[in-house]
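With the hints as extra help, turn the sequences into a complete structure.
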Amino acid sequence: MSKKYRVLIGKPGLDGHDRGAKVIAQALRDHGFEVIYTGIRRSPAEIAAAAVQEDVDAVGLSSLSGAHLRLFPAVVEELAKAGADDIVVVGGGVIPEDDIATLKEAGVREIFTPGATLEDVVNAFQGVCEKK
Amino acid sequence: MNISNVIEGVSRRDPRSIGRAISIVENHDPGAQAILDSLDAEKIAACLVVGITGLPGAGKSTLTAQLIKEYRSQKKRIGIVAVDPSSPLSGGALLGDRVRMMNHALDRDVVIRSMATRGRLGGVCGSAGAAVRIMAQSGCEVVLIETVGVGQSEMDIVRMADLTAMVLAPGLGDDIQAMKAGLLEVADILVVNKADLRGADALVLDMESVAQQRQERQGRSTRVCSTIANQGQGVAALAQSFKEINGQFQHSGEKAQRRLQARRYEVIDWAVELIRPRIADRVAQKQGFCGDPMLLAQDILAELGVESKK
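As they're listed, the protein sequences go chains A and B.
1 is the number of the first residue of the first sequence in the working numbering; add one for each residue after it.
1001 is the number of the first residue of the second sequence in the working numbering; add one for each residue after it.
Think of the hints as simulated: they come from the structure by calculation, not from any bench.
In this text, a Cβ means the ideal position worked out from N, Cα and C, and glycines have one as well.
There could be a bad hint or two in this list.
[Unchecked claim] Cut-off 20 Å, straight-line C-alpha distance, at most; resulting in silico cross-link-like pairs (SDA-like, lysine to any residue):
(1) A/K3 - B/P1085
(2) A/K3 - B/P1030
(3) A/K132 - B/R1016
(4) A/K3 - B/N1027
(5) B/K1075 - B/P1015
(6) A/K4 - A/V122
(7) B/K1043 - B/F1249
[Said to hold, decoys possible] Over the 12 Å line for every Cβ pair with chain B, so calculated as not near, a few chain A residues:
(8) K104
(9) A116
(10) E130
Put into structure tokens, the structure is as follows:
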């Protein structure tokens, strides 16, 4: 990979379960991405502001606690408000099948649920970054 | 977003434009030259550039986050270039310094950029200088460059910054470490962080003796400061030290001289980096690669039209 892709991995909301986010961050690092990790318990506005400053190609959001329907679209909205609607948002975590269509309609490009392989996730990031 | 919008946006302090501008320059994308040409030398000259360096785990990021808070209480607009290493295996990087600075994420006068070293070994990335200048153009009065966790010989930051603080913590080495050559000889401020931990008093004494030796041998004064960064203690005094040292350097002409040196070094680093791929091509072409490496290097440079033999 010659061009360096930059991505941000974030955890919005009151959710301290960061193992998944860290595993994804390391997998992306191991595939040549520059990964900015913003830690746990951040608001959608904080994540979007960091994504803009860091000029990332994509934002990956991780959620376990069940607030994804509210928080993931909020990040998409905050990015749009900041004039950065070209930064792609993908999400993953414990997300019921029924919610996936709603999230995609709200502008979340991809959703990964338990059982997704690291390869799937890395390929998805690769795909959205290449298309930019 | 076209380049003239980006250039105009940087001066307007637009976060999106600042972020884009740094990326374009870092990636050598089209437009990089226009951006670099647009920067205002006066704004760059007026900005205070401070290097924060030290061992991994000494508390650089926590201290940097506290310095942000201190400068914001003084209503100063501040930039941070936070450098972490690129993986030598994948070329990727995990840039985690920002985690400790997220409390300032919504403050538009705190401009943070995480950067990977991308192969540079001196503790800073090649485009850190450009990122600093873009931040200065956007009105930052102070820019902190947080280096990767360094050992003893990563000196690039000392060449690049107006002044450099070396962050130490108790338990990371004995007094023999302090006697070795390297960063301790050239940093302007020695910061003993985690000053509440056992061993901190002894470390302060060791550092004061380093400072004294420098005074005797080089006639240079070196400050020793104690901080407990995670509680914010000693941080205001540290920022005050930056201000005083900067004032002295401005008065004595040292600042201007360091800026000139910094430019020279940055040009040399870039020249070497820009010619590296052509050298690598030649090396790859050489059949039956034998002989002394230095002599082969001289041959290759001669082929490229660079005279290197003394």
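So, going through the hints one by one against the coordinates:
no. : hint              : verdict
1   : A/K3 - B/P1085    : holds, 17 Å
2   : A/K3 - B/P1030    : holds, 14 Å
3   : A/K132 - B/R1016  : holds, 16 Å
4   : A/K3 - B/N1027    : holds, 8 Å
5   : B/K1075 - B/P1015 : holds, 18 Å
6   : A/K4 - A/V122     : holds, 14 Å
7   : B/K1043 - B/F1249 : holds, 18 Å
8   : K104              : holds, 25 Å
9   : A116              : holds, 20 Å
10  : E130              : holds, 15 Å
Checked against the numbered hints given earlier, the structure satisfies every one of them.
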